[in-house]
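Letter by letter, the chains look like this.
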Amino acid sequence: MTLRWRPPAHAVARVRAEAERSLSPTEFGRWVGEPMTAAEREEALSLIAWFQRRYRTPAERLAYSNRAAAYLRSVVLLSSR
Amino acid sequence: MEGSNFEPVAFFGAIAASGVRAVLIGRRAMIVLGLPVLTADFDFWLHIDDVERMNAAVAPFDLRPDRLPAQARAAGRYVIENDEHVDVLVAREVPTVDGVRVRFDDVWARRREVEIAAGIVAALPCLDDLILTKRFGSRPKDAEDVRLLELLRGEGGGE
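Chains A and B, in that order, are what the protein sequence lines are. Counting along the first sequence from 1, when you hit position 67 you're at 67 in this note's numbering, and nothing is skipped either side. Count along the second sequence starting at 1, add 1000, and that's the number in this note's numbering.
Hint data in this document are derived by calculation from the structure and do not stem from the laboratory. C-beta: ideal position from N, C-alpha, C; glycine also. Just so you know, not all the hints are guaranteed correct.
What the hints assert, rightly or not - Have a look at the derived ranges for each label pair, beta carbon to beta carbon: (1) B:D1049 - A:P7: 40 to 46 Å; (2) B:E1150 - A:T26: 30 to 36 Å; (3) A:R21 - B:A1056: 22 to 28 Å; (4) A:Q52 - B:H1085: 24 to 30 Å; (5) A:V15 - B:V1121: 35 to 41 Å; (6) B:A1017 - A:E20: 21 to 27 Å; (7) A:V12 - B:S1018: 34 to 40 Å; (8) B:G1019 - A:R21: 35 to 41 Å; (9) A:A38 - B:P1060: 30 to 36 Å; (10) A:R14 - B:V1121: 37 to 43 Å.
Could you build the full structure based on these sequences and the hints that come with them?
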């Protein structure tokens, strides 16, 4: 797969910091308790249905996740240089 | 990027054959259950007495622990890594973000076994416990994962 764009290192660092920040128990509870909108729910269920249809067995799902992880590593490592 | 020769099915087979008490948690467990999430590592919760056997089981994959077993037990966690990164919890109990204490022995007793491939079984927490283990973290992505798992539970999936 040819990548036409890679995120700059500072953007990766900002996203990582946001994803890794700690929520307080109150914030966490509020986040988890936020009901999904109908559109959000429909999109999530559609993705789950696709994933389970495309990758029917745990072995297929794990193999897919390893390929995806290798791709992610390549993007993040290269963009950090 | 050249991938390694790591093979997930063989990895789980080695863990199962070793007889260690280890449950797969985190996003890889979600993936096994059919949730399309991304992750670069594996997360296990391991019985505190099984560190040495776990290390021996994954050694053929060139995976090495980052600390001695006694240090891992004292810290409550350690990492096994090389081409793959495996986070291992070894605490007897872990609190959730909101203070619920979750005991390994209880999670192990309620575990479910999932056939990864013919004759190879991985232990996962039951869905309720997997949600609890997701509450060990307090990051936004942990909260999102809880929402996704609760959606799955609401739809009657994952069991």
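Hints versus structure:
no.	hint	result
1	B:D1049 - A:P7: 40 to 46 Å	holds, 44 Å
2	B:E1150 - A:T26: 30 to 36 Å	violated, 19 Å
3	A:R21 - B:A1056: 22 to 28 Å	violated, 37 Å
4	A:Q52 - B:H1085: 24 to 30 Å	holds, 26 Å
5	A:V15 - B:V1121: 35 to 41 Å	holds, 36 Å
6	B:A1017 - A:E20: 21 to 27 Å	violated, 35 Å
7	A:V12 - B:S1018: 34 to 40 Å	holds, 37 Å
8	B:G1019 - A:R21: 35 to 41 Å	holds, 39 Å
9	A:A38 - B:P1060: 30 to 36 Å	violated, 49 Å
10	A:R14 - B:V1121: 37 to 43 Å	holds, 41 Å
In terms of the numbered hints stated before, the structure departs from hints 2, 3, 6 and 9, listed from lowest to highest.
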